[in-house]
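Chemist: Build the full structure now, drawing on both the sequences and the hints.
Protein chains in written order, with the numbering used here: chain X, -9 to 101; chain G, 39 to 661; chain B, 13 to 221.
Since the hints were made in silico from the structure, they are not lab data. Think of the CB as a built atom: it goes at the ideal place given N, C-alpha and C, for glycine as much as any other residue. Do not take every clue at face value.
[As the list claims (entries may be wrong)] In the DSSO-like style, the derived pairs of lysine-lysine whose C-alpha atoms are separated by at most 30 Å in a straight line are:
1. 72/X x 64/B
2. 38/B x 72/X
3. 10/X x 112/B
4. 456/G x 62/G
5. 62/G x 30/B
6. 64/B x 182/B
7. 64/B x 638/G
8. 569/G x 554/G
9. 38/B x 647/G
10. 62/G x 638/G
11. 46/G x 456/G
12. 38/B x 112/B
13. 76/B x 64/B
14. 638/G x 30/B
15. 46/G x 569/G
16. 76/B x 10/X
[Unchecked claim] So the derived label-pair ranges between C-beta atoms look like this:
17. 164/B x 619/G: 30 to 38 Å
18. 18/X x 613/G: 36 to 44 Å
19. 452/G x 97/X: 40 to 48 Å
20. 71/B x 343/G: 28 to 36 Å
21. 184/B x 622/G: 33 to 41 Å
22. 175/B x 358/G: 48 to 56 Å
23. 71/B x 640/G: 51 to 59 Å
24. 17/B x 20/X: 54 to 62 Å
25. 11/X x 343/G: 52 to 60 Å
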Amino acid sequence: MANQQSSSGNPSVDTEYRRKKNAEEMRYQIVSFTLMIFLTIVSFVAVGYEGFSGWFTVPFIILLAVIQVIFQLYYFMHMSHKGHEAPSLFLYSGVLVGAVTILAFSTIIWW
Amino acid sequence: MSTYAQKKGFGATLWDYLTTVDHKKIAILYLIAGGFFFLLGGLEALFIRIQLAVPNNDFVSAGFYNEILTMHGTTMIFLAAMPLVFAFMNAVMPLQIGARDVAFPFLNSLGFWLFFFGGVFLNLSWFLGGAPDAGWTSYASLSLTSTTHGIDFYALGLQISGMGTLIGGINFLVTIINMRAPGMTYMRMPMFTWATFVTSALILFAFPPLTVGLFLLIFDRMFGSNFFNVANGGNTIIWEHLFWIFGHPEVYILILPAFGIFSEIFAIFSRKRLFGYSSMVFATILIGFLGFMVWAHHMFTTGLGPIANAIFAVATMAIAVPTGIKIFNWLFTMWGGSIKFSTPMLWAVAFIPSFVAGGVTGVMLATAAADYQYHDTYFVVAHFHYVIVGGVVFALFAGAHLYWPKMFGTMLNETLGKITFWLFLIGFHLTFFIQHFLGLMGMPRRIFTFLPGQGLETGNLVSSIGAALMGVAVLVLLVNVVTTTVKNEKVGNDPWGDGRTLEWAIASPPPFYNFKQLPLVRGLDAYWLEKMEGKKGMTPAEPIGDIHMPNNSFIPFVLVLGLFIAAFGTMYHAETSWGLPVLILGMAVTLGAMFVRSIKDDHGFHIHKEDLIDDDKDKGVKA
Amino acid sequence: MQAEERFTYETWPAEPEKATLEAKNKFLGFWFFLGGETVLFATLFATYLALKDKVPSADHALAKDLFEIPLAFAATMLLLTSSLTSVYAMYHMKNFQFKKMQLWLGLTVALGAAFLGLEIYEFNHYVHQFGHTFTSSAFGSAFYTLVGFHGGHVAFGLLWITTLMIRNSKRGLNLYNAPKFYVASLYWHFIDVVWVFIFTVVYLMGMVG
Chain X
-9 MANQQSSSGN
1 PSVDTEYRRK
11 KNAEEMRYQI
21 VSFTLMIFLT
31 IVSFVAVGYE
41 GFSGWFTVPF
51 IILLAVIQVI
61 FQLYYFMHMS
71 HKGHEAPSLF
81 LYSGVLVGAV
91 TILAFSTIIW
101 W
Chain G
39 MSTYAQKKGF
49 GATLWDYLTT
59 VDHKKIAILY
69 LIAGGFFFLL
79 GGLEALFIRI
89 QLAVPNNDFV
99 SAGFYNEILT
109 MHGTTMIFLA
119 AMPLVFAFMN
129 AVMPLQIGAR
139 DVAFPFLNSL
149 GFWLFFFGGV
159 FLNLSWFLGG
169 APDAGWTSYA
179 SLSLTSTTHG
189 IDFYALGLQI
199 SGMGTLIGGI
209 NFLVTIINMR
219 APGMTYMRMP
229 MFTWATFVTS
239 ALILFAFPPL
249 TVGLFLLIFD
259 RMFGSNFFNV
269 ANGGNTIIWE
279 HLFWIFGHPE
289 VYILILPAFG
299 IFSEIFAIFS
309 RKRLFGYSSM
319 VFATILIGFL
329 GFMVWAHHMF
339 TTGLGPIANA
349 IFAVATMAIA
359 VPTGIKIFNW
369 LFTMWGGSIK
379 FSTPMLWAVA
389 FIPSFVAGGV
399 TGVMLATAAA
409 DYQYHDTYFV
419 VAHFHYVIVG
429 GVVFALFAGA
439 HLYWPKMFGT
449 MLNETLGKIT
459 FWLFLIGFHL
469 TFFIQHFLGL
479 MGMPRRIFTF
489 LPGQGLETGN
499 LVSSIGAALM
509 GVAVLVLLVN
519 VVTTTVKNEK
529 VGNDPWGDGR
539 TLEWAIASPP
549 PFYNFKQLPL
559 VRGLDAYWLE
569 KMEGKKGMTP
579 AEPIGDIHMP
589 NNSFIPFVLV
599 LGLFIAAFGT
609 MYHAETSWGL
619 PVLILGMAVT
629 LGAMFVRSIK
639 DDHGFHIHKE
649 DLIDDDKDKG
659 VKA
Chain B
13 MQAEERFTYE
23 TWPAEPEKAT
33 LEAKNKFLGF
43 WFFLGGETVL
53 FATLFATYLA
63 LKDKVPSADH
73 ALAKDLFEIP
83 LAFAATMLLL
93 TSSLTSVYAM
103 YHMKNFQFKK
113 MQLWLGLTVA
123 LGAAFLGLEI
133 YEFNHYVHQF
143 GHTFTSSAFG
153 SAFYTLVGFH
163 GGHVAFGLLW
173 ITTLMIRNSK
183 RGLNLYNAPK
193 FYVASLYWHF
203 IDVVWVFIFT
213 VVYLMGMVG
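Modeler: What follows is the structure, given as C-alpha cells:
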C-alpha cells in the first residue's frame, strides 16, 4: 500500500494551465446552475399555470427533473470526468433497480 | 505497533479480536459466530422434525412451534449462511487478488460487529417474552397482530445486522476494483473472487429495500404509523414486495459464492483449468442481473394479475439458462481430469445432482398456473431446502474443509470429513426428497402438527430420521474440528498439492501483511502457471519495501454497542418510562463513536523492511 | 508520512481526492454507497406513490390541500443554491485555497440549515393546520417517512460538514482530509438530487392532483 504511487503532484505541472482549467470548469458549473434554476422555475410555472392538464404537466415536470439531475450528476458531481466508469455503472444499476421498483409499485399494487 | 511472535494471554487475544481490522481474523470471527448460529438454527430444525415425526404430537405447543419455525428460517439465512459466506469471502478473496487487506479494514470490523450484535439481539427474544412468530418472511398483516415483542426483535435485529452486510458488500466491491495485484486483470480473477464481486453488487442493491421494509415495520409496530394498516389506508402487499425485492436477490447472494467455492474445488481436484471460464463469468453476472427481475414469483397467488404473473414467470425460467451453463461447465471441468476425491470434491460432486433437483422444482414452481397448487405446501419447503442446503450448505461444508488449512494452518481429518459427508448427504435426501411428495399430497407448510390416517405419517417419519442423520453429521464435524485443533499439525503453503490461485502461494495461515512483496500475476490460475514452469513461488512485482498497515480499533465495537442499546430503547419506549432515555443514550454512544472516528486521525503504521527480512528467518514462530 | 505531507499550490495534485490509495478507495466506496442510497430512496418513493392520498376517511387532507407553491419553491432554491456553494468549495479545494473553501462550506451549511428550518416549519404547519400527522393516515406515514428521511440526511450532512470544518480549521488541506471534504460534497449533491425528485414527485405532482 505504501509503495503504490508517490502522492505529491508533479512539481513541473503547469500551474497556470491548471488554474485556467479549473476556472473554465467553474464557468460550466455556473452555466449548469443557471439552467437548473431555470428548469426549476419552468416546472413550478407549469404546475402553477391552470391551462395545462395533468396528463401533460406530470410527464413534463418529471422530464425536467431528470434533465436537472443529469446536470447535477455530470457537472456538480463530476461524473463527466474520466475515472468515473465504475461509479456510473453502479449508479445506473441502482437507478435501474429503483426504476423497476417504482414501476411495480405504481402498476401492480392496486388493492 | 507491530505485534509479532510473542505468545499472548487470553485477555490479550480477546482484546486483539475485539479490536482487529485484519481480514483474516475477521473471517475467523465470522466463522465462529456464523457457526454458532448454524448450530442454533440446526437445533431449531431438529425440534421442528421431532414435533412433526408423528401425528398429533405435543412435543412443543402450537405457539412455540411458530417461534422455532420462524427463528429457524431467520437464523439460517441471516445469521448462519450469510456470515459463513462472508467468512470465506473475507478469508480468501483478498488473498486471491494479491491484496494486503480489504479496502476499508475499519468498516470490515464494523460490519462484523453489526452482524453479531444484530444476531444476539434477535436471539435475546427467547428470554425476553418470546421469539418472533410470523415466519421468516414476517408478512405484515400477521406480523402487525403478533402480541409479543418477538417481531420487534426481528425488525430491529435484522436492521442492525443488515447494515453490517451492506457495509461488507461495498467493502468487497472497492477491494476488488482497486486493490488487485499487478497483472491481475478482471478476466484473470479466480471464480470465487468474481462471485464475491457480483454478490457484493447484489448486496448493495438488495439490502436497501430490506432496510426500508424493516423501517416501515418498525414504524408501524412501535411508532403508530399506518403503512400496512388497511383501516387507515395502508397496504400489506407493500411489505411483501419490499421483502421479496430484497429476498429474491438474497438467495442469489447466498448461492453465487457457493458456485464460486465449487468452481475453485472442481478446478483444483480435477487438476484442470476451469472449463469455460469466460462463460462462467458471464453466467454469474447474468444470474445477478436477472435476480432482480423475478421477485414477484413468490407472490403469484396474491392476485397480481395474469400479465404480471406471466412476465415474472418467464423471467424466472430464464435464470435456468445461465445456471445450466454453469452446471455443464463444471461437468466439463471434471471430464478428462485427473480427479482426486478429497472431502471438498465429494461435496462438490454431490452438489450437482442435488442442486439440479432443486433447480428443476424451481422451474416447476415458476409456472404461475401450477404454482397455485404448490403454493404454501411442503413441495415449496422441499424445493428451497434443495437449493439452499444442496447448494449453499454443501458449499459451506466444502469450503470449510478446503480453506481450513489456509485459515488455521491445520488440515481437517479426511476420514472424519468423509463420514460427515456421507451421513449428511444421506440424511439430507431422506429429509427433503420425501417432502416433495408430502407437498403434492397436500401437506401445508408451517403447520405444527397433522392428523393420522391421511397418508402423511410415513413420509414425515422418514423426514425426521433424515434430520437426525444430518444432526449426527454435524456432530462428527465438530469432533473433527476439536481434534484437529488439539493436534495442531501445521501444514505448508499448498496443503492440497494442487492449489491454483494466489492464496496457495503464501504461508498457511498467511502473515498478517499477507504478501511480503506483491506478486506478479501472469495469467488465470497464477500460482499454477508458476508451478508448471517449475518455479516454487510467485515472481514478485516490487522490491521489498515498507508495508503500510491499518491500526486496530475498538471504535466499531462501541459504535455497534450504541445501536444495540438504542434498539432496546426503541422497543420499550411506548410502554416504559426508561425506553426513550435509553434510545437517546444508545444513539448518543453511536454518534459519539462516529465523531471520535471522524476527528481522530488514523494513519495506520508501517512495517519496516528490515523487520520483514528478520521475519523471514525465524519463520514458523509467527503463525 | 505521506498523508501529512505539507503542500504548496505548486505541489498540490490536480485530483487530490484521488491522490492516494486510501483516497481512491474512499472515493469509489462512497459512490457505491450512493448507488445503494439511490435504491433506498427509490423504494421510499415507490412506497409514497403507492400510498399517496390513501386516507381512512374523506375529512383527511390530501396532497392537493396541503402543498403550496411558495414554500416548496423557497426550499428548492435554498437547497439548489447550497449545491452551487459546495461546488465553489471544491473548486477552491482543488486550487489549494483553504480559507475560501471553508468560507463556501460555511455558506453551504448555512443554506442547509435554513432549508432544514423551513422543513420543520412546514411539518409543524401540516400537523397543526391540517391534522396531517405521521399516525393519522397511511398517506401521512409515507409522506413524513420519505421527506423525513431526506431531512435526516440533510441534518446528518450538516453535522458532518461542520465537524470536518472545525476539525481541520487549524491545519489546512492535506491529502488525508481533502478526500473527506470531496466525499462530503458528493453527499451534499446527492441530497440535492433526491430533493429534485421530491419537489417534483411529492410537491408539484401533489398539487397537480
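Chemist: Just to be careful, I want the Cα atoms of residue 76/B and residue 10/X compared with a cutoff of 30 Å; is the pair within it?
Modeler: violated (49 Å)
Chemist: Would the hint linking residue 46/G and residue 456/G be met if the CA-CA limit is 30 Å?
Modeler: With a Cα-Cα distance of about 35 Å, the restraint between residue 46/G and residue 456/G is violated, given a limit of 30 Å.
Chemist: When you check the alpha-carbon spacing of residue 569/G and residue 554/G, does it fall within 30 Å?
Modeler: holds (19 Å)
Chemist: What's the verdict on residue 64/B and residue 182/B, does the C-alpha distance respect the 30 Å limit or exceed it?
Modeler: This hinted pair is violated, its Cα atoms lying about 49 Å apart.
Chemist: Evaluate the given range 54 to 62 Å for the C-beta pair formed by residue 17/B and residue 20/X.
Modeler: violated (33 Å)
Chemist: For the pair supplied as a hint, residue 62/G and residue 30/B, confirm whether the alpha-carbon distance does not exceed 30 Å.
Modeler: Status holds; Cα separation ~27 Å.
Chemist: Given the hinted pair residue 10/X and residue 112/B, is their Cα-Cα distance within 30 Å?
Modeler: Holds. Residue 10/X to residue 112/B sits at ~17 Å (cutoff 30 Å).
Chemist: Is it true that the CA of residue 638/G sits at most 30 Å from the CA of residue 30/B?
Modeler: Holds, at roughly 21 Å.
Chemist: Need the status of pair residue 38/B, residue 72/X: alpha-carbon distance at most 30 Å?
Modeler: Roughly 17 Å between the alpha carbons, so the hint for residue 38/B and residue 72/X holds.
Chemist: Is the hinted range of 52 to 60 Å satisfied by the C-beta distance from residue 11/X to residue 343/G?
Modeler: Since the Cβ atoms of residue 11/X and residue 343/G sit about 56 Å apart, the hinted range of 52 to 60 Å holds.
Chemist: Please check whether residue 18/X and residue 613/G have a Cβ separation lying inside 36 to 44 Å.
Modeler: violated (57 Å)
Chemist: A range of 48 to 56 Å was offered for this pair. Does it hold for the Cβ distance of residue 175/B and residue 358/G?
Modeler: Holds: the Cβ-Cβ distance is about 51 Å, inside 48 to 56 Å.
Violated hints, listed in ascending order, are 1, 6, 7, 11, 15, 16, 17, 18, 19 and 24; each of the other numbered hints is respected by the structure.
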